[in-house]
Amino acid sequence: MTPEVQRLERLAERLRAVDPYIPPPGAKIRGWNLVWAAVEQSTTARSRVHPVRRLVIGAAAAAVLLLVGAGAASADSLPDSPLYPLKGVLENVRGALAFTAADKLTYHLDLAQARLTEAETMIARHRIDLADTALKALDDQLNSAALLVQTERIADPRSAARLQERLRQAVEIDDQQLADLQGQAQAPAAAGAISQARQHAADALTLANLPSASPGASPVGPAGRTSPSHSAGHTSPTATP
Amino acid sequence: MRALGKAAPDDDRPLIERVRKGDQDAVRTLYERYFDRIYNYVYARLGRAEDAEDLAIDTMTKSLTRLDLFQDQGVAFSSWVYRIAHNATIDHYRRHGKVTLVSLDYAPPLESADPSELAVEQLSNEDLHAAIRDLTDEQQQVLILRFFQDLTAAQVAGIMGKTIGAVQALQHRALGSLERALQGRTAN
Chain H
159 MTPEVQRLER LAERLRAVDP YIPPPGAKIR GWNLVWAAVE QSTTARSRVH PVRRLVIGAA
219 AAAVLLLVGA GAASADSLPD SPLYPLKGVL ENVRGALAFT AADKLTYHLD LAQARLTEAE
279 TMIARHRIDL ADTALKALDD QLNSAALLVQ TERIADPRSA ARLQERLRQA VEIDDQQLAD
339 LQGQAQAPAA AGAISQARQH AADALTLANL PSASPGASPV GPAGRTSPSH SAGHTSPTAT
399 P
Chain Z
20 MRALGKAAPD DDRPLIERVR KGDQDAVRTL YERYFDRIYN YVYARLGRAE DAEDLAIDTM
80 TKSLTRLDLF QDQGVAFSSW VYRIAHNATI DHYRRHGKVT LVSLDYAPPL ESADPSELAV
140 EQLSNEDLHA AIRDLTDEQQ QVLILRFFQD LTAAQVAGIM GKTIGAVQAL QHRALGSLER
200 ALQGRTAN
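Residue numbers (this note's numbering), protein chains in the order written: chain H, 159 to 399; chain Z, 20 to 207.
What the hints contain is simulated information worked out from the structure, not anything from laboratory work.
Heads up, a few of these hints could be off.
[Stated by the list, open to error] As a list, the in silico EDC-like pairs of lysine to aspartate or glutamate whose alpha-carbon atoms are at most 16 angstroms apart:
# : chain 1 : residue 1 : chain 2 : residue 2
1 : H       : Lys186    : Z       : Asp87
2 : H       : Lys262    : Z       : Glu157
3 : H       : Lys186    : Z       : Asp70
4 : Z       : Lys40     : Z       : Asp87
5 : H       : Lys186    : Z       : Glu69
6 : H       : Lys262    : H       : Glu323
7 : H       : Lys186    : Z       : Glu51
8 : H       : Lys186    : Z       : Glu72
[Stated by the list, open to error] Across the chosen pairs, the derived CB separations fall in these ranges:
#  : chain 1 : residue 1 : chain 2 : residue 2 : range
9  : H       : Ala195    : Z       : His115    : 57 to 65 angstroms
10 : H       : Ala233    : Z       : Asp30     : 56 to 64 angstroms
11 : H       : Pro243    : Z       : Lys40     : 48 to 56 angstroms
12 : H       : Ile180    : Z       : Asp30     : 22 to 30 angstroms
13 : Z       : Pro33     : H       : Ile215    : 27 to 35 angstroms
14 : Z       : Glu36     : H       : Asn191    : 19 to 27 angstroms
15 : Z       : Asn144    : H       : Ala203    : 17 to 25 angstroms
16 : H       : Leu223    : Z       : His115    : 41 to 49 angstroms
17 : H       : Ile215    : Z       : Arg114    : 50 to 58 angstroms
18 : H       : Ala221    : Z       : His115    : 49 to 57 angstroms
19 : H       : Ala233    : Z       : Thr48     : 57 to 65 angstroms
20 : Z       : Arg32     : H       : Leu255    : 48 to 56 angstroms
21 : Z       : Arg32     : H       : Asp268    : 54 to 62 angstroms
22 : H       : Glu162    : Z       : Ala173    : 24 to 32 angstroms
Beta carbons are placed, not taken as given, at the ideal position from N, Cα and C, and that holds for glycine.
Full structure from sequences and hints, please.
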C-alpha cells in the first residue's frame, strides 16, 4: 500500500467517524404531518379519478360493442329495415378492399345475388316499390360486372374469358330465379319489374361480349343506356363503385 | 458514534404497494426509514439546519406522492429518494446562487503543505464538513453517500447513475481533493 493510499484510507476512516446530523424531534414531527397530509390527498385524488376513468372506458367499450353488433345485424337486414343503410356502408367498405379483377367480379356478383334475394322478400311482403329498387340495384351490379370483363379484356384476354364465363353462369342462375319469381308474382307492377330485370341481365351478358370502349368514354350498353344507370333516383344500399 | 446505521436493503417494494393504497403504517415506515438519512444528506450538502429540514420534507413528500413516476424509473426506491434529494439540493443552489467551484482534482498541490503532516484524527467535524462543501458536486455526493451514509459503492452507483468502477475512481479522486482542501485550511 503506497503512502498516498494509506493517507486516504485514514481520511476515509475519519469521515466514517463523523457524527451524523440528526433532525430535531420537532422537525421530524412537522415533516410527518406534512408528508402524511400530502400522501392522503394524493391517494384521495387518485381514487376520485378512477371512477371517471372506469366510466369512460365502459362507455367506449359499449360504443364499440354497439357498432360491432349493429354491423353484424345489418349484414342480414332488408330494405325495409332501419339498419339497411348501414349494410350499404359495409358493402362499400368491402368493395374498396377488392383489388384484383377477380375479387371485384366476385364482389359485384355477390351483391347482385343479395339484391335479388331482397327483391324476392320484398315481393313476398307486397313492398313492390322496394322490390323494384332492389331489382334495379341488381341490374347495376351486373352491368358493373360486365364492364369489368370488358376492361379486363384489354389487359389480359385469358383472364377476361374466365371472368366472362363466371358472369355468364351467375346471370344464368339469376335469370332462373327471376323466372321463378315472375311466375309467383301476382301484382302486375312486380311482374313488369321482374321482366325488365331479366332483360337487363341478358343485356349485361351482351355488354360483356362487346369490345372495350375507348379510354375516357362512357361504356354504352346494348340497349343504348349508359352503364351503370339505374341507381340514380333509387335507394339501394350500395352505390356502384 | 453513528446513529444512521447501515443502509436499508432494497426491501421497500411491499411497502410501496401498500403506500399506493393509502396505508398509513406503510407510509410511516418508509418515512422513518429515510427521513433522517435524507436530512443528514441535505444538511451535509448545504450546511444549514433550516434548509435541510425543508428539503428533507420536500423530498419525502415527492418520494411518497409520486410513486407513479417511480414505477417507471427501474431503480431501487432508496436510489430514487436520494436522487430526488440530490435534485432538490441542486435546485436550492440555483435559487440561492451558489458559486460554481473549480474542481480540485486538477488543482496544483500546495508546496508549503506536506500531506503527511495532516493529522486527520485531530480534524474537527466542522472542518471536515466545511472542506467537503468546497469540493465539486459529484465529489461531495460520493463522499457523503459512501462515508456519512454508509452506502456501498453499488448503491452509490445506482443513485449517481454510474458504474461501480466509476464510483470507486471518483471516490479516490474526491478523497485526494479533500485532503488538499484540508491542507489548505490548516495552512491558513
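Each hint tested on the structure:
| no. | hint | verdict |
| --- | --- | --- |
| 1 | H/Lys186 with Z/Asp87 | violated, 25 angstroms |
| 2 | H/Lys262 with Z/Glu157 | violated, 70 angstroms |
| 3 | H/Lys186 with Z/Asp70 | holds, 14 angstroms |
| 4 | Z/Lys40 with Z/Asp87 | holds, 12 angstroms |
| 5 | H/Lys186 with Z/Glu69 | holds, 12 angstroms |
| 6 | H/Lys262 with H/Glu323 | holds, 15 angstroms |
| 7 | H/Lys186 with Z/Glu51 | holds, 9 angstroms |
| 8 | H/Lys186 with Z/Glu72 | holds, 8 angstroms |
| 9 | H/Ala195 with Z/His115: 57 to 65 angstroms | violated, 27 angstroms |
| 10 | H/Ala233 with Z/Asp30: 56 to 64 angstroms | holds, 58 angstroms |
| 11 | H/Pro243 with Z/Lys40: 48 to 56 angstroms | holds, 50 angstroms |
| 12 | H/Ile180 with Z/Asp30: 22 to 30 angstroms | holds, 24 angstroms |
| 13 | Z/Pro33 with H/Ile215: 27 to 35 angstroms | holds, 29 angstroms |
| 14 | Z/Glu36 with H/Asn191: 19 to 27 angstroms | holds, 24 angstroms |
| 15 | Z/Asn144 with H/Ala203: 17 to 25 angstroms | violated, 43 angstroms |
| 16 | H/Leu223 with Z/His115: 41 to 49 angstroms | violated, 59 angstroms |
| 17 | H/Ile215 with Z/Arg114: 50 to 58 angstroms | violated, 42 angstroms |
| 18 | H/Ala221 with Z/His115: 49 to 57 angstroms | holds, 54 angstroms |
| 19 | H/Ala233 with Z/Thr48: 57 to 65 angstroms | holds, 60 angstroms |
| 20 | Z/Arg32 with H/Leu255: 48 to 56 angstroms | holds, 50 angstroms |
| 21 | Z/Arg32 with H/Asp268: 54 to 62 angstroms | holds, 59 angstroms |
| 22 | H/Glu162 with Z/Ala173: 24 to 32 angstroms | holds, 25 angstroms |
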